[in-house]
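Can you make the complete structure from the sequences, with help from the hints?
In terms of my numbering, the sequence shown opens at residue 1 and continues consecutively.
In short, the hints are calculated from the structure, not lab data.
Be a bit skeptical, because a hint or two may be false.
[Unchecked claim] With a straight-line cut-off of 27 Å between C-alpha atoms, the simulated BS3-like cross-links for lysine-lysine are: (1) K350 - K21; (2) K229 - K185; (3) K31 - K350; (4) K229 - K347; (5) K264 - K330; (6) K347 - K271; (7) K229 - K21; (8) K347 - K264; (9) K21 - K347; (10) K432 - K264.
[Unchecked claim] Here are the computed distance ranges between Cβ atoms for each label pair: (11) V397 - N437: 15 to 25 Å; (12) G64 - R233: 16 to 26 Å; (13) I402 - S300: 43 to 53 Å; (14) P290 - N437: 30 to 40 Å; (15) A29 - A373: 51 to 61 Å; (16) L439 - D400: 18 to 28 Å.
The model shown is predicted, which means the values in this text are computed figures rather than measured ones.
C-beta atoms are modelled at their ideal positions from N, C-alpha and C, and glycine is treated no differently.
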Amino acid sequence: MATKVVMEALSPTMEEGRLVKWLMNEGDAVKTGDVLAEVETDKAIMELVARGDGVLRKQLGVEGDASPVGTLLAVIAGADEDIDALIGGAAGAGTSEAAGATAMPETPEQSQGDASTPPQEKNAGQPASGTGERPLSATPVPQSESSRAAQGRQRSSPLARRLASERGLEIGTVRGSGPGGRVIKRDIENAPAAAAAGGVGAKSPDPAIPRLISRDGDYQDIPLTQIRKTIARRLSESIGPVPTFYLTAEFDAERAADMRGQLKELGADYKVSFNDIVIKAVAGALAEHPEVNAHWMGDSIRHFNRVHVAMAVAIPEGLITPVIFDADQKTLREISAEARQLADRAKQRKLTPEQYTGSTFSVSNLGMLGIEAFTAIINPPEAGILAVGAVEARPVVVDDQIVIRQRMRVTMSCDHRVIDGATGARFLQTVKRGFENPLLLML
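Listed below in structure tokens is the structure:
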């Protein structure tokens, strides 16, 4: 019984993936669970596993190409089984979802994306994440053109119709990625790129994604990685639509520095960074100020009862924000150990979706790079992010005397739809109290 291998939604926010490398070849025997290929999602490099037994009869996906979720990548079948009807006219090309949908007999073969929900999807909507991210209910298989024609009109959400009208788009020309092929907000936002790629139902990978880097002439065009695409899309949703204001404060870091020195003398297992102390102080403050530990939901504000702090980690492809869940319930030592482990996995691109989704607030620290102060962009739907600068020795006035003290400047970006000025200021005061009195963080 043949099994279709499709581009699966390997993360809650994944809309397309790039086939990095085939790990098995045509003609290889395959068992359920074997790793067939590596796929670059919007956050990490993930493994694409087989959902059926047989022989890898045909590889349709091309290494280096990006494909929408649901695209047919390969066929697993018996050695002598006829698969012509499965691959149809798509053989030899980076087949599209349309080809996969129209060429596939209804039975008896299995669809890898339809027959089995990957573990990441199963976890995407669990309450533990409390993420506000909308999980994919199943690997979406966009509608074919013929089915749309049969429907007579494209299904779409009210928000998508309004955005399409504002942008002068004919919604019937936009491919829907929502349930049942419904056009949703993100489809409208991505519509210009889709049009540039050849319009609805384009069967080739997005030509806007160059495969090669041109090194001739006066410049280089660097292909967008999946994570860079996501960064561009998500953060462009922030600075424009989100009414952001900033609160800046300077923290006294003398006691934090003394505590770090004393812990360091106890051995490497007790070593903590200034950022660990900040995360612990932020977590405690979020527990005290649920109005900041919140998401903007469009027609409501969601206050979270649990505190999940994301920390920005720079990797060559961009930024990723692994999450320390229930950070307010963890000791400083536990936070330090978990932060190091998550940062290492992030740099290796080994994070699982459960490790980088579900945050309720974020912390970004550029102090280790010598940045005195900066402002960070909110990651929607979160309501705030704290930008942390370097700890530096500065002259300050203490008891009418000018003395040299260790100081650190922080700036909080606030979504004014959720956080008012006084609310943010009170939260920042609580963070400051915890950081400047680190013994409080031990209680």
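> Checked against the structure, which of the hints given earlier come out wrong?
Replying inline: Violated: hint 14 alone.
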